[in-house]
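If you read the protein sequences in the order shown, they are chains A and B.
Sequence positions in the first sequence follow the working numbering and run 41 to 264.
Sequence positions in the second sequence follow the working numbering and run 20 to 274.
Just so you know, the hints here were simulated from the structure itself, not pulled from any lab data.
Glycine residues also receive a C-beta, built at the ideal position from the N, C-alpha and C atoms.
Possibly wrong hints are sitting among the right ones.
Residues from chain B that keep clear of chain A, each with C-beta distances beyond 12 Å, as calculated [stated by the list, open to error]: (1) ARG24; (2) GLU56; (3) LEU60; (4) HIS65; (5) GLY108; (6) LEU119; (7) PRO132; (8) THR135; (9) PHE190; (10) PRO209; (11) ARG236; (12) ASP240; (13) LEU243; (14) THR246; (15) ASP249; (16) PHE250.
Calculated cross-link-like contacts (lysine to aspartate or glutamate; reagent style DMTMM-like; alpha-carbon spacing at most 20 Å) [said to hold, decoys possible]: (17) B/LYS153 <-> A/GLU215; (18) B/LYS214 <-> B/ASP130; (19) B/LYS153 <-> B/ASP172; (20) B/LYS103 <-> A/ASP45.
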Amino acid sequence: MESSDLAAVWLTIKLASVVTVLLLLLGTPIAWWLARTRSRLKGVVGAVVALPLVLPPTVLGFYLLLALGPNGPIGQLTQALGIGLLPFTFPGLVIASVFYSLPFVVQPIQNAFEAIGERPLEAAATLRAGPWDAFWSVAVPLARPGFISGAILGFAHTVGEFGVVLMIGGNIPGETRVVSVQIYDHVEALEYAQAHWLSAGMLLFSFVVLLALYTFNPARKRVA
Amino acid sequence: MTFVRCLALVLLLVAVPLRAEQIHVAAAADLRFAMDEIVALFRKAHPGAGVEVSYGSSGKFYAQIRNGAPFDLFFSADIELPEKLVAAGLAGSEVRPYALGRIVVWRPDSDAPPLTLADLARPEIRRIAIANPKHAPYGMRAVEALTVAQVRDAVESRLVLGENIAQAAQFVQTGNADAGIIALSLALAPAFAGKGSYTLIPDTMHQPLRQGFVILRHGEDKALARTFADFFADADVRRIMSRYGFSMPAPGRVR
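Starting from the given sequences, assemble the full structure and let the hints guide the process.
Shown next, in the form of structure tokens:
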């Protein structure tokens, strides 16, 4: 492998890790709210979270490019804050990926929370556990399989991202040139040998991830 | 019964409408606006003729054609690629040179003074969009010009690579990049004119962007492909091309 390939692999791992951590932090309260609420907004929020499942990545890429650009609301905010513009930067890719992989993290966690049901939490309440305490000592441990699924799927889906990166990444080595884009470049330049190395690696990685998910993840039925 | 109905619906959807003749053209991204006008003119002269154009980097199309992409004609920003297709036996005609391309330094601000290549080294130019030099001819020429202008090392870390020259131009047109080295043909297109300013890069600073097209094996037996190829010698087409800043190669000078 060339050093540029290794740089792309490392960048991809870094991107997927940062995005997974952010999504666990951001996705857990959303999943909790979606699982517990009786609000009429539940359907709306649930649909918004699920949008990236059905939207073409180009739609996301297009709107992000406009929103993060110099005339977009986020672009003007980041410029006012002295951060500069986010397209073609690593933080820009992180933001795009958080949107892109959101449902893959929120939905498994939400399902796990829903599977717990009211009873364990009511029992915790009768033992005088506050909501915060009950969340951490009852809900989170019981929903562990959901967190594991969400983390694995969020990581893997971010690794597999291509369309959005192509539109707002700008193909900068070490900054936005992730493995999927590197493969595309190799193929366009007819460097099939290098494309094979990376592609076979991705194939193996994806298979192992799914195998781990299906083999080791305890069935959710146990929770219910 | 439901199954039969579904099947019937699917068949209806996939049924290809019958057409007199249809050609599919692969065109370098620098032709995006000029070719649209040329095709519109062609349709006027040949009503009912089906001409579909796909735009992209010449390198990408070359790779796709080598792998059996069903294009009938290939307009390349680098004449060497269709020549290689002829050598590989994938062409159905000689390579015909159709234009010389030029590159410009473009900035997304029509009130600001145009930037020269040397200006690109200035620190306030944080992002510079070019086409990917790995497979886009315009990207290769941009890098050559930056090297000759002795600013390549200074700007290397600020380069943003478009998948093709049209994407590089879009990066800078939206203001996401502060400057770009793009095709003159795009800078002169209505979508860009009046939205920015540009400096023409002297053609002595890079290898010539000799552009050529070829009829491919897939289009060899299509009369429409030949008609469209011959149409490129038409005076009206040449007028459109020169309006987009393409100079026509002198006969005999280019192989």
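Nearest-CB test (12 Å) between chain A and B/LEU243: 29 Å, holds
Restraint status (C-alpha distance of B/LYS153 to B/ASP172 at most 20 Å): 18 Å, holds
B/ASP240 non-interfacial with respect to chain A [C-beta, more than 12 Å]: Non-interface label on B/ASP240 holds, nearest chain A Cβ at 28 Å vs cutoff 12 Å.
Status of the stated non-contact between B/HIS65 and chain A (beta carbon gap over 12 Å): 33 Å, holds
Least C-beta distance from B/PHE250 to chain A larger than 12 Å: 29 Å, holds
20 Å Cα cutoff - pair B/LYS214, B/ASP130: Given pair B/LYS214, B/ASP130 holds - Cα atoms ~9 Å apart, limit 20 Å.
Agreement of B/LYS103 and A/ASP45 with the hint, judged by alpha carbon distance not exceeding 20 Å: With Cα atoms ~28 Å apart, B/LYS103 and A/ASP45 exceed 20 Å; violated.
12 Å cut-off, C-beta based - B/PRO132 kept clear of every residue in chain A: 19 Å, holds
No chain A beta carbon within 12 Å of B/ASP249's: 31 Å, holds
Consistency of the no-contact label for B/GLY108, given chain A and a CB cut of 12 Å: 17 Å, holds
B/THR246 non-interfacial with respect to chain A [C-beta, more than 12 Å]: Given a closest Cβ separation of 31 Å, the condition holds.
Closest CB of chain A to the CB of B/PHE190 still more than 12 Å away: Check fails; 7 Å does not lie beyond 12 Å.
Hint check: violations occur at hints 9, 20; the rest are consistent with the structure.
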